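Residue numbers (UniProt numbering), protein chains in the order written: chain C, 1 to 92; chain B, 1 to 92; chain X, 1 to 92; chain F, 1 to 92; chain H, 1 to 92; chain W, 1 to 92; chain D, 1 to 92; chain L, 1 to 92; chain U, 1 to 92; chain P, 1 to 92.
The hints are simulated quantities; they were obtained by calculation from the structure and are not laboratory data.
Be aware that one or more of the hints could be misleading.
As the list claims (entries may be wrong) - Residues on chain U that point at chain W, a partial pick, calculated with CB under 10 angstroms: (1) 11; (2) 13; (3) 14; (4) 18; (5) 45; (6) 48; (7) 50; (8) 79.
Given the structure is predicted, the values throughout are model-derived calculations rather than measurements.
In this text, a Cβ means the ideal position worked out from N, Cα and C, and glycines have one as well.
There are 10 protein chains.
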Amino acid sequence: MLYLVRMDVTIPHDLPAERAAEIKAREKAYAQQLQRDGRWRHLWRVVGEYANVSVFDVESNDALHTLLSELPLFPYMRLQVTPLAQHPSALA
Amino acid sequence: MLYLVRMDVTIPHDLPAERAAEIKAREKAYAQQLQRDGRWRHLWRVVGEYANVSVFDVESNDALHTLLSELPLFPYMRLQVTPLAQHPSALA
Amino acid sequence: MLYLVRMDVTIPHDLPAERAAEIKAREKAYAQQLQRDGRWRHLWRVVGEYANVSVFDVESNDALHTLLSELPLFPYMRLQVTPLAQHPSALA
Amino acid sequence: MLYLVRMDVTIPHDLPAERAAEIKAREKAYAQQLQRDGRWRHLWRVVGEYANVSVFDVESNDALHTLLSELPLFPYMRLQVTPLAQHPSALA
Amino acid sequence: MLYLVRMDVTIPHDLPAERAAEIKAREKAYAQQLQRDGRWRHLWRVVGEYANVSVFDVESNDALHTLLSELPLFPYMRLQVTPLAQHPSALA
Amino acid sequence: MLYLVRMDVTIPHDLPAERAAEIKAREKAYAQQLQRDGRWRHLWRVVGEYANVSVFDVESNDALHTLLSELPLFPYMRLQVTPLAQHPSALA
Amino acid sequence: MLYLVRMDVTIPHDLPAERAAEIKAREKAYAQQLQRDGRWRHLWRVVGEYANVSVFDVESNDALHTLLSELPLFPYMRLQVTPLAQHPSALA
Amino acid sequence: MLYLVRMDVTIPHDLPAERAAEIKAREKAYAQQLQRDGRWRHLWRVVGEYANVSVFDVESNDALHTLLSELPLFPYMRLQVTPLAQHPSALA
Amino acid sequence: MLYLVRMDVTIPHDLPAERAAEIKAREKAYAQQLQRDGRWRHLWRVVGEYANVSVFDVESNDALHTLLSELPLFPYMRLQVTPLAQHPSALA
Amino acid sequence: MLYLVRMDVTIPHDLPAERAAEIKAREKAYAQQLQRDGRWRHLWRVVGEYANVSVFDVESNDALHTLLSELPLFPYMRLQVTPLAQHPSALA
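So that you can see chain C by itself, here it is in the shape it has in the complex (with noise of 0.2 angstroms):
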């Protein structure tokens, strides 16, 4: 079951520079596996934001949501969920 979700993060400017690139390596490690699993389908970056929208793949709500509770950034994000579904046109 599909869901686009773009991600907005906002990092405070007195958050310790080290602190937020420990945090940053954590997201990175996680996305990367959840995209190896085939949960995080889709992920590209907004030209000119710190932001990006996402394809999820996962069995259902409590699912999605508890993958995307779970990302190091979360406390700094803000995020936009819109379920989808099959398209009468599409050929996949």
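Dock chains B, X, F, H, W, D, L, U and P against chain C, hints included.
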């Protein structure tokens, strides 16, 4: 080069039904041709709305505008275009 | 799987009254059938507006979109869909 | 009498962790007590957000305000209250 | 129980003038009856707009919705309802 | 001359508690004095929010601004002022 | 007493041209009469828009509403009214 | 003196096709004449929208308003005007 | 050449009081000098807000930007600039 | 390939002045280098705001994102990117 495009359709309720059906049939044929040739990479329905979320893969801004403005439903849609870039954590 | 859906209805004032009445009658019958089979869990009127707030219980995003797009009033409504998950403080 | 309430939580990142944990523990206990006595009818998590959607059943506007303003997280939340009424197509 | 209600009126310019006049006459009679029986406590014009700000005193959300949806101008208005409570600094 | 004023209060969470308490006490005393002399006609709490809806009766725009800018909470509030006029359907 | 008023005009494209011309002629005459008697203090065009920004000098909220609602273009305009007060740094 | 102007075009779907074509032809001729004489410095299409982004070089606010209000498509466009100034880091 | 400018002031509550007082004193002196030389034509307080509405008369966009960016409160204000033109119904 | 970019700068008032000056000096040098090599085609100040409107000429979405994210002020700016295409009425 990738772009996220959201399309919201509003067909005036006084457009004759046959005219609407004819436009939609042409839209579907055109959408499927573009999917087959690789330019319309993803096409998803937004749940509960007469809208879609799509990803296009074209060679330039001009190519994208030409493609979108030739959609038979173009006069009846509001489009929002978001240019996408490679994300540093993306595997693909 | 639960979804909150808000529906705002706008019936064009030049739609013939009998046509509107017929659509509303079908809407009501369909809404009651979906309540009986457990998919339309809650249906409340928003005070002072021609709008409702509803909770649906369906098995997938696709099932929800199919259900909503078959509502007789669908062409005359603006829908907002919010996917819901289990809350850690919820007893039920 | 029913009300839909959406609560968006923003805890300042410089609030000490123990203080935050203590507030959340009291919030949970209070939320469960209100669910048990029937006033907090429904409590759902909004997928991907530190937010919930709830339905309250209280006897008056004043009773609702007193209940909400006593939530331990009240100073850290933005609340939106929508009064609900019986829908003519609702079975229950 | 008190509610603040703002009503913005938009009468389609192709509604026949006599029809509009008849609706407004019924609206006025109904508004004055509700003021006399104490349910429509305050009724003020918003300066420069075809809109009013009102305070209603009714026994429940359901009573308010019934009252508002029976306004002759209801199909031509956008309503915003704000439930009110006793303020701790209010004398009355 | 009447004005509707909505006041939304945001007290910074790092303002010392005693300072906040002292400001609120002065606000309450001032609000009650203005109610007694007839200038602050109505004062209601917005359900679920640290906000109020008020009606002021003053002789001019200047008098209203002076009154509002002297509120002890003025630096911590966002105010929205709506000038009101006599409504043709109002009995009072 | 001064008020800033912004007026945005939208004349329906199916209003007969002579009818529109006649309304605009009456609007102009009325605007000039009000400028001569000192109530319409300033009248400026907003660059690039069918809109104006004006300053009115009237004795009360009621006087302003009466004046504005008698504008021949009133049914075709959206008005925003901002009450003004003496600024402590103003010389005049 | 430079101004950024964004123009969004909405042609009513019941405007006769020949009338629309005639207006667009005049718009094109006028746009090209203004480009030739240096007043319409830049003209770009917004990708995916019936809209443009333009830069005008005129001697005053009045000159810009006159120029824009004489565009044949003016009654069918929404315009947003942003005055521009020399940037301290600009080479030109 | 005239421009409408709205200025909304937000002074951070942790700015030292003497620093704020010194900035405001310089702002006042500068505002009065500009009124005297005719560039700051009108200066009004927005009722109930720490904001003003002003009209400037300067020779160019560049002159206006220079003037505004030299306001002592500039770093603490949000400005909105609206270029104005002669209105065809204006007497002056 | 052209893109319109609007940049709004917000420098936190507690950033040390020397640090801010150093960032701005690097921003200016970088902006001028990009103007010289043709990628930053236009750079204009928005009148009355700490903001600019720019046009970039780059070969791809990725090239634009890399360029923008390397701006020294990037962490302190909000950017809006609009892809541009050839306009059918443009001479150039």
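>> Hint by hint, where does the structure go against what was stated? Just the numbers, ascending.
In response: Result: hints 4, 8 break, sorted rising.
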